[in-house]
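Numbering (UniProt numbering), first residue to last: 1 to 118.
Some hints here could point you the wrong way.
[Stated by the list, open to error] Cβ pair distances, simulated, as ranges:
{"no.": "1", "residue 1": "Asp113", "residue 2": "Glu72", "range": "17 to 25 Å"}
{"no.": "2", "residue 1": "Glu77", "residue 2": "Gly100", "range": "28 to 36 Å"}
{"no.": "3", "residue 1": "Ile76", "residue 2": "Lys2", "range": "46 to 54 Å"}
No wet-lab data here; the hints were simulated from the structure. Just so you know, even glycine gets a beta-carbon here, dropped at the ideal spot from N, CA and C.
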Amino acid sequence: MKIVKVFLVLSVLLSITGCSPLVNNNPTKVETSSNGSYKALLFVNGMELQSVGHTANESELVVGEFIGAVNEKVDIEIRPSDELTSNYLEEGTEIYSVEGNTKIVLAKKENGDYEVFE
1 MKIVKVFLVL SVLLSITGCS PLVNNNPTKV ETSSNGSYKA LLFVNGMELQ SVGHTANESE
61 LVVGEFIGAV NEKVDIEIRP SDELTSNYLE EGTEIYSVEG NTKIVLAKKE NGDYEVFE
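Throw the hints in and build the complete structure from the sequences for me.
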(Lines of atoms letter the chains of each structure in order from A and count residues from 1; the text may use other names and numbers.)
(Lines give C-alpha, C1' and ligand atoms only; values in the text may rest on other atoms or scores of the structure.)
Protein backbone atom coordinates (compact mmCIF):
# COMPACT_ATOMS: atom_id res chain seq x y z
CA MET A 1 0.00 0.00 0.00
CA LYS A 2 2.86 2.36 0.86
CA ILE A 3 4.50 1.67 -2.50
CA VAL A 4 1.31 2.63 -4.33
CA LYS A 5 1.13 5.96 -2.47
CA VAL A 6 4.77 6.74 -3.23
CA PHE A 7 4.22 5.87 -6.88
CA LEU A 8 1.14 8.13 -7.08
CA VAL A 9 2.97 11.05 -5.45
CA LEU A 10 5.93 10.68 -7.81
CA SER A 11 3.60 10.45 -10.81
CA VAL A 12 1.81 13.65 -9.81
CA LEU A 13 5.10 15.50 -9.23
CA LEU A 14 6.50 14.42 -12.59
CA SER A 15 3.28 15.47 -14.32
CA ILE A 16 3.32 18.90 -12.72
CA THR A 17 6.99 19.65 -13.42
CA GLY A 18 6.79 18.22 -16.93
CA CYS A 19 3.95 20.57 -17.85
CA SER A 20 5.44 23.65 -16.23
CA PRO A 21 5.83 26.64 -18.58
CA LEU A 22 9.06 27.57 -16.76
CA VAL A 23 10.84 24.65 -18.38
CA ASN A 24 10.71 26.48 -21.72
CA ASN A 25 11.88 29.80 -20.28
CA ASN A 26 15.41 29.65 -21.68
CA PRO A 27 17.01 33.13 -21.82
CA THR A 28 19.59 32.00 -24.38
CA LYS A 29 16.98 31.02 -26.96
CA VAL A 30 15.58 33.67 -29.27
CA GLU A 31 11.83 34.14 -29.50
CA THR A 32 10.25 34.03 -32.91
CA SER A 33 8.14 36.80 -34.35
CA SER A 34 4.44 36.42 -35.06
CA ASN A 35 5.15 35.10 -38.56
CA GLY A 36 7.45 32.37 -37.22
CA SER A 37 10.79 33.88 -38.24
CA TYR A 38 13.59 34.54 -35.77
CA LYS A 39 14.47 38.03 -34.56
CA ALA A 40 17.63 39.60 -36.00
CA LEU A 41 19.67 40.56 -32.93
CA LEU A 42 22.92 42.42 -32.30
CA PHE A 43 24.66 42.77 -28.92
CA VAL A 44 26.59 46.04 -28.76
CA ASN A 45 27.44 48.59 -26.05
CA GLY A 46 26.09 46.16 -23.44
CA MET A 47 22.62 46.18 -25.07
CA GLU A 48 20.68 43.64 -27.09
CA LEU A 49 19.28 45.43 -30.13
CA GLN A 50 16.87 44.18 -32.79
CA SER A 51 16.69 45.05 -36.47
CA VAL A 52 13.66 47.20 -37.20
CA GLY A 53 13.65 46.24 -40.87
CA HIS A 54 14.49 49.56 -42.50
CA THR A 55 17.50 51.70 -43.37
CA ALA A 56 18.99 54.88 -41.94
CA ASN A 57 17.83 56.83 -45.01
CA GLU A 58 14.23 55.70 -44.52
CA SER A 59 14.40 56.79 -40.88
CA GLU A 60 16.30 60.02 -41.62
CA LEU A 61 19.11 59.00 -39.26
CA VAL A 62 22.61 60.46 -39.50
CA VAL A 63 25.51 57.98 -39.39
CA GLY A 64 27.82 58.68 -36.46
CA GLU A 65 31.14 57.20 -35.39
CA PHE A 66 32.46 53.71 -36.12
CA ILE A 67 31.84 51.47 -33.07
CA GLY A 68 33.44 48.26 -34.30
CA ALA A 69 32.81 45.22 -36.45
CA VAL A 70 30.81 42.09 -35.65
CA ASN A 71 33.24 39.60 -34.08
CA GLU A 72 31.06 36.52 -34.26
CA LYS A 73 27.86 35.34 -35.88
CA VAL A 74 26.05 32.87 -33.63
CA ASP A 75 23.31 30.46 -34.66
CA ILE A 76 19.99 32.17 -35.54
CA GLU A 77 18.29 30.43 -32.60
CA ILE A 78 20.83 31.75 -30.06
CA ARG A 79 20.56 35.08 -28.27
CA PRO A 80 23.89 36.93 -28.64
CA SER A 81 25.38 37.91 -25.29
CA ASP A 82 28.98 38.90 -26.03
CA GLU A 83 29.99 42.35 -27.25
CA LEU A 84 29.68 42.74 -31.04
CA THR A 85 28.00 39.40 -31.67
CA SER A 86 24.91 38.81 -33.77
CA ASN A 87 22.63 35.98 -34.80
CA TYR A 88 21.97 37.76 -38.11
CA LEU A 89 24.88 39.93 -39.22
CA GLU A 90 27.98 38.38 -40.76
CA GLU A 91 31.38 38.61 -39.08
CA GLY A 92 33.11 41.82 -40.11
CA THR A 93 29.91 43.85 -40.56
CA GLU A 94 30.71 47.42 -39.54
CA ILE A 95 28.61 48.96 -36.76
CA TYR A 96 28.12 52.73 -36.40
CA SER A 97 26.49 55.01 -33.85
CA VAL A 98 23.67 57.41 -34.70
CA GLU A 99 24.15 61.12 -34.11
CA GLY A 100 21.92 62.27 -31.26
CA ASN A 101 20.65 58.82 -30.22
CA THR A 102 22.64 56.36 -28.10
CA LYS A 103 19.95 53.66 -28.18
CA ILE A 104 20.16 53.04 -31.93
CA VAL A 105 23.05 51.68 -33.98
CA LEU A 106 23.51 51.12 -37.70
CA ALA A 107 24.96 48.09 -39.47
CA LYS A 108 26.61 48.84 -42.81
CA LYS A 109 25.29 46.46 -45.46
CA GLU A 110 27.20 45.27 -48.53
CA ASN A 111 25.18 47.59 -50.79
CA GLY A 112 26.23 50.63 -48.70
CA ASP A 113 22.89 51.11 -46.91
CA TYR A 114 22.76 51.15 -43.11
CA GLU A 115 20.32 48.80 -41.37
CA VAL A 116 18.75 50.18 -38.18
CA PHE A 117 18.99 48.28 -34.88
CA GLU A 118 17.21 49.55 -31.77
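Results of checking the hints against the structure:
Asp113 and Glu72 have their C-beta atoms about 23 Å apart, which keeps the hinted 17 to 25 Å range intact. Distance hint check: the CB atoms of Glu77 and Gly100 are about 34 Å apart, consistent with the given range 28 to 36 Å. Between Ile76 and Lys2 the Cβ separation comes to about 51 Å, which falls inside the hinted range of 46 to 54 Å.
Checked against the numbered hints above, the structure breaks none of them.
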